[in-house]
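Student: Chain S with the ligands: place on chain F using the hints.
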Amino acid sequence: MHTGVESPRGVWWKPAHKAEKVWVVLAFAWCMVLFAMMPLWHWKGGQNPSGIRARVEPEAYRARTEEFIATYQVGEEENGIPIVEPPPGSDVYLLGQMWLWTPSLRLQKDVEYTLHLSSVDVNHGFSLYPFNINFQVVPGYDYGLRVTPTEAGDFRIVCNEFCGVGHHVMVGRVEVIDPAAAAERDESEPEEAQDLTLNAPDEGGEGDR
Amino acid sequence: MKGGFRVCPTTSLRVHRQADGLIKANAVVATVSLLVGGITGLLVLLTRWQAVHLLDAVMFYRVLTIHGMSMLIFFIIFFEMAVLYFAGPVLLNSRVPAPKLGWSMFWLMLLGAVMVEWTMFTGRADVLFTSYVPLKAHPLFYLGVILFAVGTLITVAIFFGSLVVAKREKTYEGSVPLVTYGAIAAAIIAVITLVHGAAIYIPTFFWSIGIGNVDPQVYRMVWWGLGHSSQQINVAAMVAVWYLLGALTVGSAVINEKISRTAFVLYILFISMASAHHLLVDPGMGPTWKVVNTSYFMYMAVLASMIHGFTVPAGIEVGQRVRGFTKGMFEWLRRAPWGDPGFSALVFSVIIFGFVGGITGVTFGTEQINIIAHNTLRIPGHFHATVVAGTALAFMGVTYYVIPLIFRKKVAFWSLAKIQPYLFAFGMLIFSVAMTFAGTFGIPRRHWDMTFSDALFDLQFSPAANLVVTVMALGGLIAALGGAIYILVTVWSVFLGQPMEGDATYVDARSS
Ligand code: HEM
Ligand SMILES: [Cu+2]
Ligand SMILES: [Cu+2]
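Protein chains in written order, with our numbering: chain F, 1 to 209; chain S, 210 to 721.
Because the hints were derived from the structure by calculation, they are not lab data.
What you are looking at is a predicted structure, and each value in this text was computed from that prediction instead of being measured.
Do not take every clue at face value.
List of simulated lysine-lysine pairs, DSSO-like, C-alpha gap at most 27 Å [as the list claims (entries may be wrong)]:
no.	chain 1	residue 1	chain 2	residue 2
1	S	Lys309	S	Lys233
2	S	Lys233	S	Lys536
3	S	Lys379	F	Lys14
4	S	Lys376	F	Lys18
5	S	Lys627	F	Lys18
6	S	Lys619	S	Lys376
7	F	Lys21	S	Lys536
8	S	Lys619	F	Lys14
9	F	Lys21	S	Lys233
Covered, in the sense of this in silico footprint (three residues per stretch, anywhere, with C-beta under 8 Å from a C-beta of chain S), are these stretches of chain F [to be verified]:
no.	segment
10	39 to 51
11	66 to 77
12	83 to 97
13	138 to 151
Just a few of them, taken from the derived set where beta-carbon distance is under 7 Å, the chain S residues facing chain F [as the list claims (entries may be wrong)]:
no.	residue
14	Glu466
15	Ile468
16	Pro492
17	Phe539
18	Gln577
Even for Gly, the Cβ is constructed at its ideal location relative to N, Cα and C.
Chain F extracted, bound-state conformation (with noise of 0.2 Å):
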């Protein structure tokens, strides 16, 4: 017997007690569990972190946004951001720079679209707030995620990667809206309808990919 800090003598390469082949064969079985689990859970899970990946200029991704902006923003600007409400299952651009996320979204539950997330200047971190789902924003590139709001509600976008000393404030906004709720309110509130029904059935946002 001989300790960690002692030089074995002669061949050292000797069977393991069974206690320790036991642990060994134990662990190791384990481990190609988890192995498995992951491509299984990829395939199976659907929640996945991968989307549609591109390269993109970050003035070319400033620019998309712009004109995504230009095309479906509603109503007044909120604390100096657009609100825009895009078709369902359009392409959504989210335009992360020192200390702004633009522009507001507002979208519908149950409606899948395809998200889009960049940056103009350094690093982001998208996080929404309250469910704790977070990407990394990434200047350069395009990172398409193709999501499906399931609740109604009215919820935050916090920066979670460091990014100056304006980090902290860096917080957006996404609404998501029930139509068929809203359709019920129609009755007693005809004017707040109106907004929904204009944008409902366009296609148009898929052509840019």
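Tutor: Coordinates of chain S with the ligands only, in the frame set by chain F:
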């Protein structure tokens, strides 16, 4: 340069004068870095604790940068250089092959570290320790990192040289001891790491002086080849220190050399892949890349840690039983030297690293769970359990042996030293678990204001989140107290402590 050996009265190892000197120098600088990192850590803690919110925003990010660099880079790596000089020349009874070069590299590393600290303290590098481009720091920040890395790389080469010298001069019989073997694994991983470091910091340095460009996503990928692999140096070095502490405190047995050494080889082979888990929610990489890199290879490194997690405690048990604690199932554990800070540090390091650090790490490394963990407080919660309660605590434990064996001083304030690992481990346990929970609310890491008082849109975390952050702060304060005691004990012992008895004169090898 003066040579000669002394014989250690406790271990009867032959210790080379230059090994003694280089271990001391590196350990002292490591402790100073720990002090800088500790004070800044406390300031960061008192700012994140929303009820106190001590620093303003500019200072918070600056001080957080200093904390990350001083702890993760300077404290840990200077200490590891000392470990290499111990595991090579000392454990093999051999000399330091190129002492002049060793000293030059020590000074080079120190110069690099001072340059980096200067840029950070003067507000020229508010970029956090990851320094993701295109956030830009002063060129001397990057240059300092490069000089530090060059010094480290050459010190690693000297360690390899000492293995060759020891073999040729037949200063040991048989194979190298397991602790040295673990240090070799750490050193090999260090080479891989530093190559990544050069690949990213050299172009970034040039970019900072206006030459060329660095792609932000490529930066993140190569940087984590450095950032993550360096955590594997820490793991391998920590496990080597576990075996060392086992041997020193209770005469732990190596139950099977084959198993333990194979596990170290697994670290070397599979660890670099794991850096992919920092990029799981990045736009630059596709799903195949993410799945392959995080599954297949990573789990072989996990297996290695699982093996050490068994063999280290088992070795302690066997060692204790050989020493006569054989009654029943647990006399070996009950009668273990719980008052020896080296031993308690070892036990807590194994437990917190394995259970808190390991479990959080493996789960956050999956593609899907990473979506809810990325850049939240879960991440620093995880790594304060691995590199702090694991590696740093193990290094603290071994210091209580380095002081008498290398510095030849008695450990001062023994009763404080005895409780130090308990305070640090207990505090860190609360701190890291609470921080991990805080992350589940979506509280971001590296963030000055979780009340978002100046933000465009209002946002309020639930009151439960505030409670968890308060618990985290209390845990952090206990840990900081443990850290302060460690620094008090080590500095006092080394500079003002009583010398050990016994002969410690160096005798030239040829004349003896
Ligand atoms: C009592 C001791 C310590 C306390 C109270 C402490 C506290 C903290 C706190 C509050 C944060 C900020 C988390 C955030 O806002 O994102 C942090 C970050 C960090 N700590 Fe510690 N820490 C301690 C020891 C250590 C040690 C020993 C190490 C390394 C060996 C370390 C490495 C780091 C690193 C790398 C970061 C991340 C910095 C960043 O995100 O840029 N800490 N620590
Ligand atoms: Cu940001
Ligand atoms: Cu930010």
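Student: Are there hints from earlier that the structure breaks, and if so, what are their numbers?
Tutor: 2, 4, 5, 6, 8, 9, 11, 12, 17
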